[in-house]
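Top to bottom, those sequences are chains A and B. All residue numbers for the first sequence refer to my numbering, where the first residue is 1 and numbers rise by one. All residue numbers for the second sequence refer to my numbering, where the first residue is 1 and numbers rise by one.
It is worth saying that the hints were derived from the structure and are not from the lab. Treat the hints with caution; some may be incorrect.
Stated by the list, open to error - Computed cross-link-like contacts, BS3-like style, restricted to lysine-lysine with a CA-CA straight-line distance of at most 25 Å:
#1 A/K66 with B/K100
#2 B/K208 with A/K63
#3 B/K168 with A/K53
#4 A/K66 with B/K74
#5 B/K202 with B/K119
#6 B/K208 with B/K149
#7 B/K149 with B/K133
#8 B/K119 with A/K63
#9 A/K138 with A/K63
#10 B/K67 with A/K66
Claimed, not checked - Derived DEER-like restraints, expressed as beta-carbon distance ranges:
#11 A/D50 with B/G244: 54 to 64 Å
#12 A/L48 with B/P117: 50 to 60 Å
#13 B/K113 with A/N92: 29 to 39 Å
#14 B/E330 with A/N92: 20 to 30 Å
#15 A/N92 with B/E195: 40 to 50 Å
#16 A/Q44 with B/K168: 29 to 39 Å
#17 B/P117 with A/P87: 47 to 57 Å
#18 B/E330 with A/P87: 42 to 52 Å
#19 A/Q147 with B/K168: 40 to 50 Å
Beta carbons are placed, not taken as given, at the ideal position from N, Cα and C, and that holds for glycine.
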Amino acid sequence: MKLNTKSRFIAFTTAAVAVTSLGLFVTGPAEARKPFTQDELAAQYKELLDTVKQGDELWHSAKLGKNGLACANCHPDAAAANPHTFPKFQPNLGQVIPLRDMINWCIQVPLEGQALDANSREMKALEAYAFYMHRGFKLKPGENTRQHPPVEVRSGPGYP
Amino acid sequence: MTDFSKMSRRDFLGFTGKAGLATLVASAVGTSFGMVQVAEAAGNARLTPFRFAILTDAHLYDIPDHKFDGILQKAVEDINAMNPPPDFVVYLGDIAQSGKRAELEKGRRILAKLKVPLKVIPGEHDWYLDMGKAWRDMYGSPTWSFDHKGVHFIGMNSILVRDFWTLKSLTPDERMGFMEELECHQCGLWGVRDEQLDWLKKDIKKLKPDTPVVVFTHSPLWDYYPRWNFQTEDAPQIREILSGFERVMAFHGHVHQVVYNRIGNLSSVGTLSTSWPWPYPGVELPFPGIRMNRVDPGDILDGLGTQYIDLEKEFSGVLHYQTWSDLLPEGVKKGVKL
Numbered sequence: 001m002k003l004n005t006k007s008r009f010i011a012f013t014t015a016a017v018a019v020t021s022l023g024l025f026v027t028g029p030a031e032a033r034k035p036f037t038q039d040e041l042a043a044q045y046k047e048l049l050d051t052v053k054q055g056d057e058l059w060h061s062a063k064l065g066k067n068g069l070a071c072a073n074c075h076p077d078a079a080a081a082n083p084h085t086f087p088k089f090q091p092n093l094g095q096v097i098p099l100r101d102m103i104n105w106c107i108q109v110p111l112e113g114q115a116l117d118a119n120s121r122e123m124k125a126l127e128a129y130a131f132y133m134h135r136g137f138k139l140k141p142g143e144n145t146r147q148h149p150p151v152e153v154r155s156g157p158g159y160p
Numbered sequence: 001m002t003d004f005s006k007m008s009r010r011d012f013l014g015f016t017g018k019a020g021l022a023t024l025v026a027s028a029v030g031t032s033f034g035m036v037q038v039a040e041a042a043g044n045a046r047l048t049p050f051r052f053a054i055l056t057d058a059h060l061y062d063i064p065d066h067k068f069d070g071i072l073q074k075a076v077e078d079i080n081a082m083n084p085p086p087d088f089v090v091y092l093g094d095i096a097q098s099g100k101r102a103e104l105e106k107g108r109r110i111l112a113k114l115k116v117p118l119k120v121i122p123g124e125h126d127w128y129l130d131m132g133k134a135w136r137d138m139y140g141s142p143t144w145s146f147d148h149k150g151v152h153f154i155g156m157n158s159i160l161v162r163d164f165w166t167l168k169s170l171t172p173d174e175r176m177g178f179m180e181e182l183e184c185h186q187c188g189l190w191g192v193r194d195e196q197l198d199w200l201k202k203d204i205k206k207l208k209p210d211t212p213v214v215v216f217t218h219s220p221l222w223d224y225y226p227r228w229n230f231q232t233e234d235a236p237q238i239r240e241i242l243s244g245f246e247r248v249m250a251f252h253g254h255v256h257q258v259v260y261n262r263i264g265n266l267s268s269v270g271t272l273s274t275s276w277p278w279p280y281p282g283v284e285l286p287f288p289g290i291r292m293n294r295v296d297p298g299d300i301l302d303g304l305g306t307q308y309i310d311l312e313k314e315f316s317g318v319l320h321y322q323t324w325s326d327l328l329p330e331g332v333k334k335g336v337k338l
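All chains should be built: construct the whole structure from the sequences, respecting the hints.
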């Protein structure tokens, strides 16, 4: 294809604008904020693990219920809690629910206790423990046909 | 659901399709001397056919009218209604949840309603508050054997862990608290230990190799999932001591689930609890067809049950899981061949 001078100029300009825009798009946001430092990442991870540990303690505690049972009676190492399969239709509740609703159902029915506030620190900790024991699992929202073992735990509580 | 209590022995034999006429007649009239002779004349009889039942893992709490009390009572009523009845019941451990005398006493009161004799071995939940004192006061030695209709039955205490509490100066309550968690990461592996291994060697010394031997322990006699103590550390030594017998049948509690394995001459079967079911750990089952279905959390009785075993004259047999919900795949409903 043969372009005249004016056309060449327009083509060049368009390309230049495109390259400039692309450059801004790629480098802009990354330069607007520096990466987290190793110290910051370590502090964030520690916060998470503290929450997981609180969840572990609650998971194994009879104080959520009134009949002596704990989540861990049926779900050792959070086995068969299947957090990665939520949200899903839960037949015994007749609706699509997130994991926290299932946790509250377990607290109210098998444990005969009072439901937690969905935004409470306790609920966040229980969710953190259940999810952390299934780290690396593929999300399978809606799966209702299998019970999954958690991550393989050889020793210790299952987290660092 | 199947009403197993109304299921007759004749129905059961029809199921398996291996009933000889002599066996049918002999079992219908029980231990009548003449009929036993008929049964023995028909084949290489080593025992007089009979039935026994297994109850386990009630995990009773020291709380009045706790829901697990009612489930154990229901299981006792089911076994009392069986026709024909079992000759005896074996309880495979964990009557109590926290080792309290009151929990064990409650269990004894409920189990006292059984119309047939009861033999008991302990589980870790019965033991680690007072190191078995209350349990022994009620049931005596946790290590025993007896002979019944040609079969040698053995019970052992398989939940003996190494001392993890003295160095840490734990109180009995703290020690029990650790042991109550299935995934306890302080407690270590458990086993029957040397004293019981020596006892076992002596106990079987005079038995002929073709003697039918049945062993009961709280935990499996094979390495299933050590993380949850689904194991007995000295099971290899137990299997070695029993390796001279043509066949050994082992039954265990602790796993609260349907599971089966066979190692050498020993078959091993897991049993259903009357408290809560446990999910399968993340390892491949040795016999994946022998398992239970996914449990419905909305049904308080799902995943629970009792079991009975019918032994045949040549020391074969079938274990039937009795459940109150739709828990078993078709193949397992028909019974597990031993």
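Inset, instruction - Would you pick out the hints that fail for this structure and give their numbers low to high? - result: Hint check: 2, 7, 8, 9, 18, 19 fail, others pass.
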